[in-house]
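Peer 1: Single-letter residue listing:
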Amino acid sequence: MLRATLKSLLARKVRLILSGLAVVLGVMFVSGAFVLTDTLGRSFDAVFADAYAGVDVSVAAKPKVTVGEAEGDQVAPAFPADVVGRVRAVPGVAEATGVVSADGARLIGSNGKVVTSLGPPQLGQNWTGESDLVELRQGRAPQADDEIVVNVALATAAKVEVGDRVGALTAFESKRRDFTLVGLFGYSGGRDSVGGAHEIGFTTPAAQRLMLGKPDTFNSVTVRAAGGLTPEALRDDLARALGPQYEVKTGEQLSADAAASFKEGLSFFNKVLLGFAAVALLVGTFLILNTFSIIVAQRTRELALMRAIGASGRQIIGSVVLEALAVGLIASVLGLGAGIGVGALLAWAFGTFAGGLALAGLGVPPAAVVSAFAVGMLITVVAALLPALRAARIPPIAAMQDVATPDRPLTRITVSGAVVTAVGGALLAVGLTGNAGGGTLPVILGGVLFAFIGVALLTPLLSRPVVSLLGGLFAWSVPGRLGRLNSGRNPRRTAITAAALMVGIALVTGVTVILDSAKSSIAKTAESTLDAQLVISGAQTGPRQPVFDPAVVDRAAEVPGVNTVVGIYNDNAVVDGGRMRYVVALTDLAAMGQIFHATAQAGTIATLRPDQVALSVSGAKELGKSVGDRLTAQFARSEGSHTYTVTAVLPDDRSIGSIMLPRGAGAEFTSPQPFSALVQLTPGTAVSQVQPRLEALVADNPEVSVADRASFIEQQTSGFDTLLTMIQILLALAIVIAVLGIVNTLALSVLERTRELGLLRAIGLRRAQTMRMITVEAVVISVFGALLGIVVGAGLGAAVVRALRDEGITDLVLPWSQIGVFLGLAALVGVVAAALPAVRAARLNVLGAIAHD
Amino acid sequence: MTATVGREARAAARASDVWKVYGSGEAQVVALRGVSAEFERGRFTAIMGPSGSGKSTLMHCLAGLDSVTRGTVSIGDTTVTGLGDAGLTNLRRDKVGFIFQQFNLLPTLTAKENILLPMSIAGRRPDPAWYDTVIDTVGLRARLDHRPAQLSGGQQQRVACARALVARPEVIFADEPTGNLDSRSGAEVLNFLRNSVREHGQTIVMVTHDPTAAAYADRVVFLADGEIVSELIEPTADTVLDTMKKLDVPAATEVGNP
Ligand SMILES: Nc1ncnc2c1ncn2[C@@H]1O[C@H](COP(=O)(O)OP(=O)(O)OP(=O)(O)O)[C@@H](O)[C@H]1O
Ligand SMILES: [Mg+2]
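Top to bottom, those sequences are chains X and L.
Sequential numbering from 3 applies to the first sequence in my numbering.
Sequential numbering from 79 applies to the second sequence in my numbering.
Excised from the complex, chain X in its bound form (with noise of 0.2 Å):
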């Protein structure tokens, strides 16, 4: 029996390579997500454990609100210089060091733009000679205030040499300050940059007035231990003398803690991939039971044959899952050599274009090993199974009868899609409506994967009036009613080929919708309650919002023709000591009523003063304050926490975030600087004459631009477009799957028909409308395939979007034009898959064809 199954694999392996290819495809994206991201990790384990060598033990004092590395960046809060004397004084110091290091230092380039970074750091430090790790490489240390020095890395993509007048931004000074740069310098090991970080080195009173906003100050101690003493031992003596407000790390524990905070970011995006890899995957399955399906219909007689000499229907079953499983395995195998490859080839990428990571060498995880194999293997065999039992129902019998197969109802199929998509359906609206608890996600996830399935089966009963109708279209022509006749002939094969299709463009609509849906609702929501004529922020190229000087938004109300202006703030802040919140300050609450034609809902909307803050609605709900409640907050370099009274709740569309403190808050911020300014005209003034006013101001900090109303909305939601293209290009990849199934579907139709097309070229079909007819043959499949996606997707999107009415998305936007493009697109899948198939049709000599067996 094994080599029974052996051999007809072997005959058959062009058939099964295809199907092959989409397992191949599906495992190469999850062991390739695996190699990225344990890659990437190793790397930066390696950057930190660099970055903190030459420290053994380093003080910080304690950060006032915690974040992790997807809210924003830690501030270490600034001490007193004098504790860098009290740890000297702590026996088994040999040498301590005041530093200052905070993210924000921002060079100015020799075009004049900001240099920008995309994802590591940009560090201003002060300058603290050189070490094992840091080398001078060019010019001097700095001596004056006016003079820094900077890495070469930093030098290299400002395009600055030593000698230059360089301007720059810094943590506390938004405003270009012009610079001497006198030196530059590099790293160990002949490095430009420590994970592609920028570096500007000032002077000791430079870095703490620019970078830490106080003269006095250091944000963290370096310490070396005397000989003999380990860094545990001297980290915990150092911790009983400084007492409970200082956080003392050994160089090991900082690097862990960075690499830590890092990896957290890196597995949650090794989960977006390995869930596009799911998608592929299922995309795969559908393929690959297809295929089995098929070669199982082709076998009959064959299974009949073996049947009638004695064959058992375990052993029939046995021989197609062996089959399954060999395929599966093969699948794997090049799955995983593939997937280390892309996942190299990813990781290469990312050091390269986002900041010169140095990697550590590839590595393939035992995760990216045991999931390519049980991934594979199994989704092959799952696959395989319902044609395996199907062939153990052949009766011997077959093997005696020409069996044109006859049609099986489609009762029971329908039957249970029916069920299947209800139970989708619960699931979805169970989870949309928020009431799912904690599962919501798994629950929607769930529902969208019953949904896909549920369909799946109905498509068969679908099928024929669809297509046929689809069919219609090219019923003018011979080749064309005969390819329409084909497509319509097994529906269960047309069925599964084209719901393949539809997972992946389902969900490319279902997202298009919701996230077209997100970005009118608000654009719209914006029209219609912002009355500012112009905006003053800056595009966020970076990890880090551009901010500016907070004067500049009262210089700007001093402009003529300007009738107010709110500058905003935004942080995240621990309030009432429970949970991390994110807050705005505002400049003036009264503006910015005025600006959103806000009226309150209880209480009165005026200037607030230092100790009282205003909410919106859902804030009071959530909170449960309502006006004369007090709460406390704790800011990023705020000393102690602060109390507020609540004035004012506004309606949620007309207020800014949920929690709107006063203008002083928003100096013991984060980032102590407004994102973003709103700028009210007095009627009749025209926004241009205002506009280069107001550009003049900000002229000196080139991240920060003015908008007009209309430019500053598109570029609120520029990111869902970004967003958008980021799914669309991931989920691409389940689209090439279901395109290698339609050529997959249509080759082993071919070579099924092989007597028919020998016989329609014997009775005079054309080489041409032989081709003619198996493309319309696909094209029937991929724009059916497309419909149904079209349709599942924007019934899953409207639903999203209907529960998401309450977070403000009141807008239902089909997006029309790309469901065209979608269509037409399909179109072209259904011509280019048909032309292999078709040209191997043509190509068929009629004689042998005839007498094909």
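It is worth saying that the hints were derived from the structure and are not from the lab.
It is possible that part of the hints are untrue.
Sample of chain X residues lacking proximity to chain L, with all beta carbon distances greater than 12 Å (derived) [as the list claims (entries may be wrong)]:
#1 T232
#2 D259
#3 I319
#4 L324
#5 L331
#6 G490
#7 G686
#8 S707
#9 A712
#10 F722
#11 L735
One side of the interface only, derived from the structure: several residues of chain X facing chain L at Cβ under 10 Å [claimed, not checked]:
#12 V480
#13 L487
#14 Q547
#15 I765
#16 L767
#17 A770
#18 M773
#19 L849
We put the CB at the ideal spot given by N, CA and C, even for glycine.
Mind docking chain L with the ligands on chain X? Use the hints.
Peer 2: Okay, now just chain L with the ligands, sitting in the frame of chain X:
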């Protein structure tokens, strides 16, 4: 009986010194060795001979389904030899009809659609009167909307015959059209073929093994080992059988496996 058809007609199909060689070297098989034959218009010719004698090969070469190694083949006034794929396709579509031993019909099409298929491919409409005549002759009017799977083997062959006739081709080639049928259905099909020759002047060339079937023809050509060895006009089952027996003796020893 030949008088009713008339002998003045030119040949509907002609083979002149046709050689057909398959393969090369050790595996070379010479299937036809200089066959020259004419198949007159309006006559029913049967080709007989032992298995492997080249009957099917000759028919395929005549019909433009296969190319000849040497010699020329023509259908009506078209020289088949040297035509490209497009030319051959046109020839098959417009001048030739086929009836195979089995698998003659497209399973997706109804009987009627199958019958009209060659004409629809060519973009021609059938002559309604002739169409009715053909349908009535094959006696399938009640079955026109049935698919091949719903028809018996004999009915399927009759549909195939109707398909070949409806386009009024120059010549119809049939390769053992009754090979898969029992004697009664076979007789139906053969009667029908003979009538279409007698009454409508159709030209038919039929390959067969069966002396009874050959007896329906006006003329029988005997092939042995790739050559025409004998011919019978106005055959009967007995005369055919006699001729066959004479041929079979040397052929059996040579082919070894009749
Ligand atoms: N494609 C081919 N390749 C090689 N040899 C072939 C091929 N087709 C036919 N032959 C050989 O040519 C010879 C004639 O074959 P052909 O099919 O014409 O015989 P036939 O008279 O129709 O026999 P039968 O009565 O068994 O159908 C045989 O010896 C056969 O083996
Ligand atoms: Mg033959």
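Peer 1: Does each hint fit the structure? Answer for all of them.
Peer 2: Verification of the supplied hints:
| no. | hint | result |
| --- | --- | --- |
| 1 | T232 | 84 Å, holds |
| 2 | D259 | 69 Å, holds |
| 3 | I319 | 29 Å, holds |
| 4 | L324 | 32 Å, holds |
| 5 | L331 | 37 Å, holds |
| 6 | G490 | 8 Å, violated |
| 7 | G686 | 73 Å, holds |
| 8 | S707 | 65 Å, holds |
| 9 | A712 | 57 Å, holds |
| 10 | F722 | 47 Å, holds |
| 11 | L735 | 35 Å, holds |
| 12 | V480 | 5 Å, holds |
| 13 | L487 | 4 Å, holds |
| 14 | Q547 | 63 Å, violated |
| 15 | I765 | 5 Å, holds |
| 16 | L767 | 5 Å, holds |
| 17 | A770 | 9 Å, holds |
| 18 | M773 | 13 Å, violated |
| 19 | L849 | 5 Å, holds |
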